[in-house]
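**Q** Those protein sequence lines, which keep their order, are chains A and B.
Using the working numbering, the first residue of the first sequence is number 1, and each one after it goes up by one.
Using the working numbering, the first residue of the second sequence is number 1001, and each one after it goes up by one.
Hints are computed from structural coordinates only; laboratory data are not their basis.
Keep in mind that this is a model prediction, so the values were computed, not measured.
One or more of the hints may lead you astray.
Chain A regions said to be covered by chain B (calculated; three or more residues, Cβ under 8 angstroms) [as the list claims (entries may be wrong)]: (1) 143-149; (2) 342-348; (3) 373-385.
Partial list, derived from the structure: chain B residues whose beta carbon lies under 8 angstroms from chain A [as the list claims (entries may be wrong)]: (4) Arg1094; (5) Gly1175; (6) Thr1298.
C-beta atoms are modelled at their ideal positions from N, C-alpha and C, and glycine is treated no differently.
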Amino acid sequence: MTRLRSGLVMFVALGLVAASCADDDEGEDSDDGGGGGDFTALAYDESDQCGQDPYTGNLAQLEAVDELTVRFTLCNPDVALPAKVAFSSVGIHPAEHLEETGGSPIDNPIGTGPYRLEAWEQGSQIVLARNEEYWGDPAPTATVVFRWSEESAQRLIELQSGAVDGIDNVGPEDFATVAGDDSLQLIEREPLNVFYLGFNVDTAPLDDELVRQAVGYAIDKDRLIENFYPEGSQVADQFLPPGIPAYEDGADAYTYDQDRARELLAEAGHPDGIDLGPLSYRNEPRPYLPQPAQVASDIRDQLSQVGITVSLDEQESGAFIDNANAGDLGLHMLGWNADFPDPTNFWDFHFGEGGTLQFGTGFDDLHEVLTEAAGTVDEAERAALYAEANDVFMQRAPAIPIAYGGSAVAFKAEVDGAHASPLANEAFAAMSLEGQDQLVWMQNGEPSGLYCADETDGEALRVCEQINESLLAYEVGGTEVIPSLAADMPEANDEFTEWTFELRDGVTFHDGSALDANDVVQSYRAQWDAEDPLHVGRDGTFTYWGALFGGFLNPPPEAEA
Amino acid sequence: MTRLVGRRLLSSIPVLFGILLATFAIARLLPGDACEAALQERADPQTCEDFNRRNGFDQPILTQFGDYLGDVFTGDLGDSVRFRRPVMDLLVERLPVTLQLSAAALLLAVVVGVPLGVIAGYRQNSKTDVATIVGANVGVSIPVFVLGLVLQYLFAKELADTPFGLPPSGQLTAGTIPEPFYDAWGLEKNTVFDFVANFDLLNAVLIWRWDVFVDAAQHLVLPALALSTIPMAVITRMTRSSLLDVLGLDYVRTARAKGLRERVVVVRHALRNSLLPVVTVLGLSLGTLIGGAILTETIFNLTGVGKTLFDAIQGRDYFVVQGFTLMVAVVFVIINLLTDILYTFLDPKVRVS
C-alpha cells in the first residue's frame, strides 16, 4: 500500500499573530522571517502515527504556537526531553537557509551562536569569527581556529611550540609531561563512557547466568585501569558512568574475587574450568578503550587463572560492529560514549526492549524496569527504578562494566576560562588569551560536515556547538541543562507529554534574520520526516534523531530478506 | 619523439585500467563498509541499508564497476561518501599539497645529494667518502616517522625561541587565509586556476605576498627535510657510483692526458654523463614520494594525497580510494614519460636509437 503523508493538519496561529495567508491543504506555509510582520505558524500533527507501524518515534506534534513559542507533544512521557533538546544535533537553523541549501548546509551553516563560520579550508583549518550581534555575552576572543591531527604526539608538539593554544585528547603517556610543564595546564575530562565485556546470552555456555557472574568476579579491573588507561579513568561499578543522572553511589558491583569465580563455575557444573570460545574485539582505540589488543590479552590471561579459557578474536572494526548489531558475537568487548546526559542514552539502547542484539534477546525483567524508568517523571522514583535496574543487571549480568575511560585536554597556562567538557563540547566563547585575538584549538580530526543534524563524530559536533545553538544547552564544562535559545526551561504538562518553549526575543542568526518559532519547527521537521524535501543532510542517516526521538516519520521501507 | 610519446601513452591505458580494476576490487573486498566506518557503535542494519541504497552500494558489483568506468571516461570520479564533494575537487585541493612537498623534498635531495655524491666519488675511499656513505645509509635507515618527530621536537620546541626555530606543522600559520590568485587578479575560478592556487608558494608569489611566501617556506622546511632523506641518500650513492664509472672511461683519461685541470675534467666532462642514471632515479623518486608521503603528511599535518588516501581506506570512502589511486598512477605514468623524454635530450645515443 502506498504510504501517504497522513495526519498533516495545519494550525493557524491563534490570538497573538494574525495570519495573512490562506492555509494550503497540501503543504505547510512558509514563514516570512518574523520581525513583527506577517507570521504564519508552522505546525505538524502526526499524533495518529503514535504506536502505529512503521512509526517508532515519540514525537507526536510539533507546533509554532506563535512567533516565539514552540510546543512539542509526545506520544509517551519523556522526562529526558530537556537533556535531548540541548544536544548538538538539534541546533536551530534558519528555515530559509535550510531551503536554500536543499536541507544540506554541510559547509555553510548559519546559526545564532557566539561564533559564525568565517572560512573552512578543507583539509587545513576552520576559522570562526566572533558574532558581533550575539544575544548573550560576546566572546572575548575574536577568532577561533580549529586544526586537527590524529597523532597525540604531534598535537603536543604543536602546543609546546606555541603554534596552537589548546589540544584535545592528550596522549596517556603525555599526561605527566603536560602536568609538569608550567607553561601548560592539563585539564582532565570527566568520563562519560563505559567499557564492558558483553555476553550474547542466547548462546551456550554464555546463556548460564552463573558463568557470566563468574567472569565478572574473575576480572581485576584495577589492574586494567592501572596498566592500560590514562589518568582520570575509573573502575566501572555499574553501567552508567558518574555524571549521568541516576548514577547510583555505592551500587553493588562485581569485585575481583577469584575464589568466588571458581565457586560459581563449580556451581554451574564446571569445576575444572570452561571454554567460552572467542573473545571478540576490534583493534580500534576509543575513549573507553584506548588499548584494545592489550586489554583483550590481559583479560584472557586473567580469565585463565580461574579456569576460563577464551581465544582472542580480533575483527576489523566495521565487520565487528556489523556482527555485534546482528547478534553474531558471543563474548565481546565494546563500550559506549554518552550522546546526551540521561540514563536512557545508556540503558535503553543496550538493554531496553528493541535494543541492540549484541546481548541476545535480553531479559524481560530488565526490559520492564527500564521501560518504567524511562516513563517515570518523578526524579526520586526514577532514581529508585534505575537502582532496581542495577540490581537486575547485576544478577542477570548480560555485560560486565569494567572501566570509565578518562581523557584530558591541555591548554597554554595563560588561557583564561580553559575547561574540559564531559561531552567534549568545549565552549570557546568562554576562553580568552591576553594579548591575543585568536585562539587555536587542535583536535583529533576534521569534521566531515558542519550540519550536525546529520553528524555523529565529536569533531563536527564541537565546531557546530560554537555556531548553532539549541533550545537548551549544557552548562559550560558540565552536563546540567540550562536555557539557551529558550529564554527559560520549558514548561511541561502533568503527564510530561507536552513541552512548551518560549524563545528569547530579538535573537538573530548570523545572516541577520530573526529567530522565530518556525525556524525551530523546520529545523526539527527536516530531521523528523524522512520524506521531507529537506531531509537530506550529508549522508542522510540523521543517526542521532533515532537516539533522541525514537524514529522517523515515513521511514524508508525495510528491505525484504 | 611523437612516436615515443604516443606509444607510451597507449601502453599506459591497459596499465591504468588494471590499476582501476584492482583498486575497485580490493576496496570492495575490505570487510565493513562506509556506513559502519562512519557510525561505529551507532551503526545499525536498517540505517546502513538505507545508506548503501542511497549511495548505490547495494547494486551488483559488476553494475557498480560498469557505472564507475563509464563515469571515469567522462571525467567524473564520483563523489566522496564522507565529504559529499566531487573526488575531483578533493584532488584539485590535495594533490598540490603533495606535489609541493615532494618537489621541495626532491629539490633538497638533489641540491645536497648530487654535490655530496660528486665529492664522495671524486675522493673515493677518503674519510669524506666513508662519511658520506655512512650518512647515506643512516638516512635510508631512519624511519621518516621517527625523523619527523625528532625534527619537530628539536626545531619547534627546543630551538623555538632561537633564530633556528621552525614551526612543527607543514601548513600555513593558523588563521592565515591567502587570497587565491584568481580572485586577486579578478579572474573567474576554474579547476586549473584552483589547482594552481593550492600551491601555497606559487600562489603567494602570484599575489605578491612575500609574508605568506616566507610563512609557507618556513612551514615546508621540516617536512621536506624529513621526506628528502631517503631520496637524498639514494641520489648521493647513485651519483657517487655513476661518477666512479664515468671517471674510469677512456675519454676522461684522454681529457686528463690533455692536461686539463681535474675540476674541469670532473665537472665539465664527467659529471653530465654520470647524471644520466640519476635522472632516472629522480623520476622514480618523485613518483614514489607522491604516492608514499603518507607518514610525512601525517606527522606534519599536511592533508595531501597520501593522508587522504589513508583516511579514505579507513573510512571505506570507495570513490576517493579509486580516484586518488588512479590519479597517482596517472602522475606516475606522466613522470616516467617526462623522465624518458628528458633522457633522450641528455643522451644522444638514446636519441639516435
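**Q** Given that the stretch 373-385 of chain A was listed as covered by chain B, double-check it with a C-beta distance under 8 angstroms for 3 or more residues.
**A** violated (count 0)
**Q** Per the CB criterion, is Arg1094 of chain B less than 8 angstroms away from chain A?
**A** This interface hint holds because 6 angstroms falls under the 8 angstroms limit.
**Q** Does the stretch 143-149 of chain A contain three or more residues whose Cβ lies closer than 8 angstroms to a Cβ of chain B?
**A** Satisfied; 5 residues make the cut.
**Q** Taking the least C-beta to C-beta distance, is Thr1298 of chain B closer than 8 angstroms to chain A?
**A** Constraint on Thr1298 of chain B satisfied, holds at 6 angstroms.
**Q** The stretch 342-348 of chain A covered by chain B? Criterion: 3 or more residues, Cβ-Cβ distance below 8 angstroms.
**A** With 0 residues closer than 8 angstroms to chain B, the stretch 342-348 of chain A misses the three-residue bar; violated.
**Q** Taking 8 angstroms as the limit, does the beta-carbon of Gly1175 of chain B come near enough to a beta-carbon in chain A?
**A** holds, 5 angstroms
The structure shown violates the earlier hints numbered 2 and 3.
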